[in-house]
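J.: Letter by letter, the chains look like this.
Number of protein chains: 2
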Amino acid sequence: MPHPTISVCEGYFPEEPVAPVVVTSSPGPKLKKAADALNKVFDSRAAYFVADYAKSQGNYIVDVDGNSYLDVYAQIASIPLGYNNPKLVEVAKSDKMTSAIINRPALGNFPGADTEEIIAELLKVAPKGQDKVWSGLSGADANELAFKAAFMWYQSKKRGYSSGFSTEETESVMKNQAPGSPELAIMSFERAFHGRLFASASTTCSKPIHKLDLPSFNWPKAEFPSYKYPLEANVAANQEEDRRCLAIVENLLKTWAVPIAAVLIEPIQSEGGDNHASNEFFQGLRDVTLKYGSLLIVDEVQTGVGATGTFWAHEHFNMSPPPDMVTFSKKFQSAGYYFHDPEIIPNQPYRQFNTWCGDPARMILAGAIGKEVVDKDLAKQAARVGNYLYPKLEALAGKYPAYMADLRGKNRATFIAWSFKDASLRNKFLADMKTVGINVGGCAEDSVRLRPTLVFEEKHADILVAGIEKILSSY
Amino acid sequence: MPHPTISVCEGYFPEEPVAPVVVTSSPGPKLKKAADALNKVFDSRAAYFVADYAKSQGNYIVDVDGNSYLDVYAQIASIPLGYNNPKLVEVAKSDKMTSAIINRPALGNFPGADTEEIIAELLKVAPKGQDKVWSGLSGADANELAFKAAFMWYQSKKRGYSSGFSTEETESVMKNQAPGSPELAIMSFERAFHGRLFASASTTCSKPIHKLDLPSFNWPKAEFPSYKYPLEANVAANQEEDRRCLAIVENLLKTWAVPIAAVLIEPIQSEGGDNHASNEFFQGLRDVTLKYGSLLIVDEVQTGVGATGTFWAHEHFNMSPPPDMVTFSKKFQSAGYYFHDPEIIPNQPYRQFNTWCGDPARMILAGAIGKEVVDKDLAKQAARVGNYLYPKLEALAGKYPAYMADLRGKNRATFIAWSFKDASLRNKFLADMKTVGINVGGCAEDSVRLRPTLVFEEKHADILVAGIEKILSSY
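The listed protein sequences derive, respectively, from chains A and B.
Counting in full-length UniProt numbering, the first sequence runs from 1 upward without gaps.
Counting in full-length UniProt numbering, the second sequence runs from 1 upward without gaps.
Check each hint, because a few of them may be wrong.
Treat identical chains as interchangeable: a pair holds within one or across any two.
Restricting the straight-line Cα-Cα distance to at most 27 Å, the calculated cross-link-like pairs of lysine-lysine (DSS-like) are [unchecked claim]: (1) K291 / K376; (2) K55 / K93; (3) K30 / K175; (4) K221 / K55; (5) K128 / K291; (6) K254 / K124; (7) K40 / K371; (8) K399 / K55.
The hints are simulated quantities; they were obtained by calculation from the structure and are not laboratory data.
Here the structure is a predicted model, which is why all the values come from computation and not from measurement.
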């Protein structure tokens, strides 16, 4: 496939580097010094990079030592349109943004004259079937706000949407006791990641380090399908795996000791290893949640906003009816959930409420990002670049099978991953990629995940493929 | 006391209105229309105000109908330096802010070259005894991050700070079971407000509406002192109340079924009714937490950043040693917690961690706010204005005792409140104050709380006092 003659990325970044520049080993001396200084006031033990954001451009992130890396990790999958995107500079410098920054409203009580316009912009890219939004501050927050909505919805189905609360409820809740504070659950899946606050951590199940020592809610985990790769050669086994996992979901919905108000799932389990499931699995999940009266919440925190070739990843599944709530954050630089059913709005005001109810500054940015993704057709571009990249990676996997197992993400744009034999080999690969000027991240214990921006193009893919081959050929 | 000849407020806002302007009843026709339009896409049933933030100036908030109100509620106690403060406009328009907005970092892995400087600015106003900070996104988030730190601290005291985790711990935590996910508690107080996510809501105990239908952790609540007013006339009874409440705290620490990793308290219970407690009570609490090996977390989300006449409200108490963690948000327009003990940093990286680890854009703003508060001595100014205002309110309370009971907040700057006989009278008062051009908020069921900005001066206090008298004299 020839490279396109007009590059969106060149339009944004006429001065984007044409190749990585590596001037020191990583971490370089200035990086080490900066991370050590920071560590005296802020826990920066995980800071393996210290960036010079002013110098970073498009797909290239520059560190304080002057190294310029092609970035296919993009702030843990969260930079949408490249570093220092000029369209976003305009938005950030606008009077509207200035006001949102310095006059931060208590949005539930004191929205601004422009709040409806800001929300309307977010709704232009709402998932199919969704026409309302509630706003939050991070992916974990978005999920917990959705849990709150689900629990209120569940109880209001029981007592009647327009019914008030009983004295028993209003008194017991002040003691954190039932019936005012009922025992209810959210079901999630093994290997899922949904955040690290207490309720979201109770649904997270990818690594012990995320939640050791935290008290948690005893909520059920079903099994997410574990497919055999390549998919084409394992159709029957993977269909059987779908059936097995759906049976576990149904059994938990039927037998769990407390009611399950909602089932929460990622379209692709990302932090947990880029685990995919079929359209049939997701339709089965939609069917079984309807059968048992639970809401279906799709967590698009990592997969949303064009990354998989559609604006929302779950669009690939064509679920009917659509999911009840869709949570977002990361590439949208904002957070919250979309929904449609008016009964997902709590039956009284001040229930889904807090001082800020989100951040209009971040919502304005999200609207601008959504508009660029649509105007420049960047989800489709990501699909095109993914279709260009995937066969090249497949060829590398054929050549270096010991270091590229279970390649996954075909037809999911650049949302691609593969596995190493173990964590130490994978970690060595991630570190070695720095020597060829590429910043790449891992997922699960043994996998590599590609999470470039939406302005990652064929020329960047060529550099990435050459870099991978250079490293793997040295093993 | 004469008005000062040089007004900080006039320096910031040479064109601030000299008096409120009321042109419609509240809500006016444009406000109603805007709130209804917004409600189609966003739950705005609590939006009793729709602001024109571009036109708002200093202490005056303008609505879409053109009414201009003196604002002593300030976005639920969260606007620090007045609307459209020119110093903050400068910061918001700076290249540093633009970069923070559009290149939002995953701060734990990829801090920027300027991150240390941003953090250092926050530390310049750190509470006495604190020299480190961890950042979050809202008051609820700040508190839950502090809980996480407290639970990790507690368990690491048990197993040894440098010890790793047992296989039993890493396996059981993935099932949300002990010992990896232990049963531990945070103690809070009746009438407390600490946020509305699941763990923070489990410590919140001010109104049922905040948490009905949410599953919760079964965590203990002690009693916060209920003083008799005026304080001067009830010294012995209030000392006895301190002793009674401290005995309850100690008894819970001794007898609660699971270990209490931390005790969480507001310096003044704000949402719960502006309930104050003495220096002796706070020192007693500090002593008893040390005796039983629990951390003391002071929630300064509403009280912090100059509002009570000192930068942090708990400075009034002179607790020795200082509290272990101090959480902040609201007027700081950012969120997180301060601490000192190095063992409050979890024993391994990636434990207190998430994608964004706060928002440098909001942290830059917080640093600029802190600097202005210090440079212009605004905490001291708030104390001066409070000392001017309080006796005037005392005189009104003497004149209208049926509508101003239990005046509280003496020597706490403008952080002042009083009670009505019941909720309906209080609510009528809040609505009536709009007719004289003043926006004021309530707390608990029956109280009024004053929460002006830090640029509220004597001339504004005069308008407020005249407005209150006009309304009360009409009853």
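J.: The structure should be examined with respect to each hint, and the outcome stated for every one.
T.: A quick look at each hint next to the structure:
For the identical chains of this complex, K291 and K376 are neighbours neither inside a copy (40 Å) nor across copies (63 Å), given an alpha-carbon limit of 27 Å. For the identical chains of this complex, K55 and K93 are neighbours both inside a copy (18 Å) and across copies (19 Å), given an alpha-carbon limit of 27 Å. Taking the shortest Cα distances, K30 and K175 never come within 27 Å of each other, neither inside one copy (53 Å) nor across copies (42 Å). Proximity of K221 and K55 under a CA criterion of 27 Å is satisfied in neither setting, with 44 Å inside one chain copy and 51 Å between copies.
Only within a single protomer do K128 and K291 lie at most 27 Å apart by alpha-carbon distance; the minimum there is 22 Å, versus 57 Å between protomers. In the homo-oligomer, the alpha carbons of K254 and K124 never lie at most 27 Å apart, since the shortest distance is 38 Å inside one protomer and 56 Å across protomers. Taking identical chains as interchangeable, the C-alpha atoms of K40 and K371 lie at most 27 Å apart only when they sit on different chains, with a minimum of 21 Å there against 41 Å within one chain. For a Cα distance limit of 27 Å, the shortest separation of K399 from K55 qualifies neither inside one copy, at 37 Å, nor across copies, at 65 Å.
Hint violations for this structure: numbers 1, 3, 4, 6, 8, all remaining hints satisfied.
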